[in-house]
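Peer 1: Please put together the full structure from these sequences, using the hints given.
Chain by chain, the residues:
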Amino acid sequence: MTALLEVQDLHKHFGGVQAVTACSFTAAEGQITGLIGPNGAGKSTAIDLISGFKVPDTGTVRFEGKEVQGKAPHVVSRMGLIRTFQSPREWPGLSVLENLILACFEPRRERFWRSLWGPSRAEKERANEQLIHARAVLDEFGLLHLRNERAGNLSGGQKRLLEFGRIRMAEPRLVILDEPMGGVNPVLGERMASAVLGFVKAGTSVVIVEHNLPFIERVTDQVVVMAEGRVIAEAPFDQLRGNQAVVDAYLGEMPTYDDADA
Amino acid sequence: MIDYLVSVLTEGSIFAIMALGLNIIWGWSGDFDLAFYGYVALGAYMTLVLTIGPATSPTTYILGLSLPFPIAVAIAVISSMLLALIVGAIALRHLRGIYFSIVTLGAVYVLYTFAGQFVPLFNGYNGLSGLFDPMGDFFNLDFTSYPFFYLGLCVVVLCVVLFLVTRLSGSRFGLALRSLREDERAAAAFGRGIYVMKLKAYVIGAGIGGLGGALFAGYLSAFNPSAWSPVETIVLYAAILVGGRGSNRGVVLGVAVMVMGLQEATRYLPEIANQPSFAPAFRLILTGVILVLFIRFRPQGLLPERRLRDKDPAGTGGTAVAAGNAVAGATLDTGAA
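Same order as they appear, the protein sequences are chains A and B.
So for the first sequence, this note's numbering puts the first residue at 1274; every next one is plus one.
So for the second sequence, this note's numbering puts the first residue at 99; every next one is plus one.
Just so you know, the hints here were simulated from the structure itself, not pulled from any lab data.
Predicted model only: the values in this text are computed from it and were never measured.
For every residue, glycine included, the Cβ atom is placed at its ideal position computed from N, Cα and C.
Hints may be right or wrong, so weigh each one.
[Unchecked claim] Only some residues are given here: those of chain B computed to face chain A with a beta carbon under 10 angstroms: (1) Leu-266; (2) Ser-269; (3) Arg-270; (4) Ser-277; (5) Ala-285; (6) Gly-289; (7) Gly-291; (8) Arg-407; (9) Lys-409.
Peer 2: This is the structure:
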């Protein structure tokens, strides 16, 4: 088990607010790592720092052994680390199919001169393969009949699924999901849980920020708990119940997955 | 009558070229650029100073070369692109939305004031003149047949530009640019370098604007600050909005409606109570009303931007599409127009 993502001693402050303090954790290859904690714990800031959307004051982020802190978001993304956002960020004016196809970043095909000159035979074939792949992914997420629809017209839940579809298309080494279950009903939640497990099967490791604890319990191998900007625990979920600091800071009375279903 | 028609069509083609350039910047990558007419004007000025020969007192201007028209046009386009590179490099770095617009508006007013006040550059407010019938001698054309030739030239250039931008529009480059317009942060999360891509689009759009300006100079044979003002950009925006933002065919139609149609339809309005400014004012009011109506009732324009469509009805197989459309890649790569 090797650490795919290694966060070491991250600090970030906004004015007088210390958002992230000495945050260190690792996410292992082939695993699903949960990142939980009360509001204001610094989870969102931490993933902004990891994915390049914010620059840390100090500290290092290593992805596949390479330092990525302070690099631009698109550079981090091209290295194989893709993140999602708290609210789904589809490209609303583009079709569902276009949303999926654009999830694959292809520097060669997107060059200006290449585009002006027109696609080569191999690129046309590649585009065709991509279309077929996109259809299969849409079918998996139950969005196939909507493929020519404007993505902005989808419902909230469908947009979440579209986001997942884009991740499947992009096939990153690691994906950071920022509250994917926000506003999602239990039936859809079940589908999303299996989708997250599907990411790992497809070779994408997962870091997941979520408040839905039954969901975290169900899918994660390891959980990182943050509170007040620092990591207070790092353990498999079932061991967290016994950790008094975690119970005090976040868990309180512990719901189980069965309770949530009932 | 025929002369009138020829001049309307020539002007329409030139404006359509400019609008296609602006469409790349606003329609595709989504930046509301107010400096655009500056690139058009620079294209026109540069074409003139490169073709009309040395300045004779009391006029003064830089360069004053007597280059062949096509070479002058090429240099004019490159100048516009260089200026756009400088303005864009500053304005696109961190600014978006209205803040970007304000900076570009500032930039174009600097250029406007500079062109007007700094006489050695382009002869100040008197401007430049003397480009008569470019390439007319080369083709042995007299003044009666020349307008037809120039109309033909402008239409051919428009067709070439339209062909190229349509090609770009449906390509991965065009599609990726649209993702910046739709959601920049998501585009960055999926690997797009926002700044460089936006700057590319900005410079390409400005280059096409400069090309339109160069042809405009040949058509007007003169150019000075009273012939343009930064506000002219709004006319191009009106054409794009009415035609269909992001859609190339829509933009050409929009120019036909808003620039050629509206302009000419209001040209022969009767003068009211000896108010010579009535017709131009009325035209502006009418433009505003049409814009409001379109934004309210048909924001996508007359010919909306086309989205990539999967034409396979079931959407399950790959071979069905390949058989139906020769190569499915063709559906992908020319889908948007």
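Peer 1: So, for every hint listed, does it hold in this structure?
Peer 2: To see whether the hints hold, each was checked on the structure:
1. This hint holds: Leu-266(B) has a C-beta 6 angstroms from the nearest C-beta of chain A, less than the 10 angstroms allowed.
2. Taken as an interface hint, Ser-269(B) checks out: its beta carbon lies about 3 angstroms from the nearest beta carbon of chain A, inside 10 angstroms.
3. The restraint placing Arg-270(B) at the interface with chain A holds, with a minimum CB-CB distance near 4 angstroms, inside the 10 angstroms limit.
4. Because the beta carbon of Ser-277(B) sits about 5 angstroms from the nearest beta carbon in chain A, less than 10 angstroms, this interface hint is met.
5. Using the Cβ-Cβ criterion of 10 angstroms, the hint placing Ala-285(B) at the interface with chain A is satisfied: the shortest such distance is roughly 8 angstroms.
6. This hint holds: Gly-289(B) has a C-beta 3 angstroms from the nearest C-beta of chain A, less than the 10 angstroms allowed.
7. Because the closest C-beta pair between Gly-291(B) and chain A is about 5 angstroms apart, less than 10 angstroms, the hint holds.
8. The restraint placing Arg-407(B) at the interface with chain A holds, with a minimum CB-CB distance near 5 angstroms, inside the 10 angstroms limit.
9. Contact between Lys-409(B) and chain A, as hinted, is supported at the beta carbon level, the nearest pair being about 9 angstroms apart and thus within 10 angstroms.
Figure legend: structure checked against the earlier numbered hints; every hint is met.
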